[in-house]
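Protein sequence lines, in the order shown, are assigned to chains A and B. Using the numbering used here, the first residue of the first sequence is number 263, and each one after it goes up by one. Using the numbering used here, the first residue of the second sequence is number 165, and each one after it goes up by one.
It is worth saying that the hints were derived from the structure and are not from the lab.
Here are the simulated distance ranges between beta carbons:
(1) Leu219/B / Gly278/A: 47 to 55 Å
(2) Ser174/B / Ala314/A: 34 to 42 Å
(3) Asp202/B / Asp288/A: 15 to 23 Å
Derived list of chain A stretches under chain B, where covered just means 3 residues or more per stretch with a C-beta under 8 Å from a C-beta of chain B:
(4) 304-316
(5) 367-374
Which chain B residues face chain A? A few, computed with CB under 10 Å, are given here:
(6) Gly266
(7) Gln267
(8) Gly268
It should be emphasised that the depicted structure is a prediction, and the values quoted were computed from it without experimental measurement. Cβ atoms here follow ideal geometry from the backbone N, Cα and C, with glycine treated the same way.
The chain contents come next:
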Amino acid sequence: NAGVTQTPKFQVLKTGQSMTLQCAQDMNHEYMSWYRQDPGMGLRLIHYSVGAGITDQGEVPNGYNVSRSTTEDFPLRLLSAAPSQTSVYFCASSSGRSYNSPLHFGNGTRLTVT
Amino acid sequence: GQQLNQSPQSMFIQEGEDVSMNCTSSSIFNTWLWYKQDPGEGPVLLIALYKAGELTSNGRLTAQFGITRKDSFLNISASIPSDVGIYFCAGLQTGAQKLVFGQGTRLTINP
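The following block holds chain A by itself, in its conformation from the complex:
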């Protein structure tokens, strides 16, 4: 039972570099989302998707892009990394479009931008 798998676990980038954080789930969940976790601020929603081909912005979308070409995968792209994007990133999924079901989280990607 893999659940939600995130790669890589750790990443260091220089300012201006781009990269993609990978997220895959094997539970056939329609809903997927990306959060960032910063000290004292809880989890803040970056982008989410209610199904393949559909994405929408969350609370803090600037500087990030997403796509949902398959049900299983929901990659998060940083176009030009900035130190303010240093954070721990969590991918999460749940069943059903209505979202009235609990999120299952991956184990996170710790990103440092220097």
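Could you slot chain B onto chain A? The hints should help.
What follows is chain B alone, placed relative to chain A:
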């Protein structure tokens, strides 16, 4: 955006003590969830509440969905060392497609 105020921000207790934390909002939510995060891992769901006034237990954990639908609390009885971690509340509003999270309560237990 919507805010959930979670308190306390941190707790330092002795093993065996009971723990209580809560989450409040100025807005109404129709679902409340409580998650726990262990170091280096993602949050894991503890309890889900779907109805105002609902009181639900999961072992030593008990959570309630406030009657006003603007608050929820989580109690842990007879704490043990593995209870250490960060506890998050999360709320979902009617028609919304995104959870709002509280800032978290960091629980530390002295043996």
